[in-house]
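A.B. asks: Sequence:
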Amino acid sequence: MRARIDISEIESETKIRAKYLRALENEEWNLLPGPTYVKTFLRTYAEALGLDAKLLVEEYKLRHERLSDHELARPIGPTRATSGGRGRGPTPPVLPRSYLVAGVLLALCVVIFILSRVGGKDHKSSSTPATAGTPATTTTAARTTAKPAATTKRKAKPASKLIRLKIVPTGTVYACLAAKGQPGARINGATLTPSTPPKTFKSSRFRLVLGNENAELRVNGKRKAFPKDAVTTSGVFVQITKKGLSALPKALRPGCTG
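The sequence shown begins at 1 in full-length UniProt numbering and counts up by one.
Everything labelled a hint here was simulated from the structure, so no lab data went into it.
Think of the CB as a built atom: it goes at the ideal place given N, C-alpha and C, for glycine as much as any other residue.
Treat the hints with caution; some may be incorrect.
Pair by pair, the computed Cβ-Cβ distance ranges are [claimed, not checked]:
#: 1; residue 1: T40; residue 2: K180; range: 51 to 59 angstroms
#: 2; residue 1: T233; residue 2: S195; range: 21 to 29 angstroms
#: 3; residue 1: S246; residue 2: I112; range: 52 to 60 angstroms
#: 4; residue 1: G181; residue 2: V110; range: 22 to 30 angstroms
#: 5; residue 1: L108; residue 2: T14; range: 28 to 36 angstroms
#: 6; residue 1: E28; residue 2: K228; range: 46 to 54 angstroms
#: 7; residue 1: V231; residue 2: S195; range: 55 to 63 angstroms
#: 8; residue 1: D6; residue 2: E65; range: 58 to 66 angstroms
#: 9; residue 1: C109; residue 2: R2; range: 36 to 44 angstroms
#: 10; residue 1: V110; residue 2: E25; range: 40 to 48 angstroms
In silico lysine-lysine, DSS-like type, Cα no more than 30 angstroms apart, as pairs [claimed, not checked]:
#: 11; residue 1: K242; residue 2: K202
#: 12; residue 1: K166; residue 2: K228
#: 13; residue 1: K250; residue 2: K202
#: 14; residue 1: K166; residue 2: K54
#: 15; residue 1: K202; residue 2: K54
#: 16; residue 1: K242; residue 2: K180
#: 17; residue 1: K166; residue 2: K202
#: 18; residue 1: K222; residue 2: K54
#: 19; residue 1: K202; residue 2: K180
#: 20; residue 1: K39; residue 2: K61
#: 21; residue 1: K202; residue 2: K19
#: 22; residue 1: K39; residue 2: K54
#: 23; residue 1: K224; residue 2: K250
#: 24; residue 1: K202; residue 2: K243
#: 25; residue 1: K166; residue 2: K61
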């Protein structure tokens, strides 16, 4: 929503159906095919938005992923094959599945209880003022203080260096577009009309030539006006970078065969 990206645009880019994308946004996991699909969808969706995919998947695992029914139903310990032969002892009884499920749930409750107690102690230790006579408290406080810094660094990593450019024709217009690091023209001298479906291009820098002003530029979802010095009687010549839009020098204008 902050980037003003429509859900249908993400659906086209990631090949994930819109209803699944909405389910991810609303955390309606029961509407998704299964945990494996959820993690795959989360990773693909995050990469499309320039977020930390690994961090989102790890958070989903910690908050929502549970043992599968197959793992809960699997018997504990090896089973012996029965045989009609003489001289063999009786087959050991197998515990009912409900007992196994109850045992696993009880073990999980115990683990959660222990972790909550340990976490409470760590929190209390970190909130106590450090003194020279309490080195253990100082170490815990230092470790607790350093942890958010590492988390902040990991979240700052996905700052995208790419620009999302969309050219929306408002009339008939000639267009020639080149992108940095991508061979050939992205739009090779094509004539665009309002009926032409607009495409989204990604790069760190664009060089654009238009035959006239019959087009709107949307950079990262925001509408941008042409620089005054980029509009001439022979056309519009624009250079697009993360710093903004500027007039494209004649020596840098792309050549298109169309």
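A.B. asks: Compare the structure with each hint and give your call.
C.D. replies: How the hints compare with the structure:
no., hint, verdict
1, T40 to K180: 51 to 59 angstroms, "31 angstroms, violated"
2, T233 to S195: 21 to 29 angstroms, "27 angstroms, holds"
3, S246 to I112: 52 to 60 angstroms, "57 angstroms, holds"
4, G181 to V110: 22 to 30 angstroms, "55 angstroms, violated"
5, L108 to T14: 28 to 36 angstroms, "34 angstroms, holds"
6, E28 to K228: 46 to 54 angstroms, "49 angstroms, holds"
7, V231 to S195: 55 to 63 angstroms, "25 angstroms, violated"
8, D6 to E65: 58 to 66 angstroms, "30 angstroms, violated"
9, C109 to R2: 36 to 44 angstroms, "40 angstroms, holds"
10, V110 to E25: 40 to 48 angstroms, "35 angstroms, violated"
11, K242 to K202, "12 angstroms, holds"
12, K166 to K228, "20 angstroms, holds"
13, K250 to K202, "23 angstroms, holds"
14, K166 to K54, "29 angstroms, holds"
15, K202 to K54, "22 angstroms, holds"
16, K242 to K180, "13 angstroms, holds"
17, K166 to K202, "9 angstroms, holds"
18, K222 to K54, "28 angstroms, holds"
19, K202 to K180, "10 angstroms, holds"
20, K39 to K61, "9 angstroms, holds"
21, K202 to K19, "25 angstroms, holds"
22, K39 to K54, "10 angstroms, holds"
23, K224 to K250, "22 angstroms, holds"
24, K202 to K243, "15 angstroms, holds"
25, K166 to K61, "36 angstroms, violated"
Hint check: violations occur at hints 1, 4, 7, 8, 10, 25; the rest are consistent with the structure.
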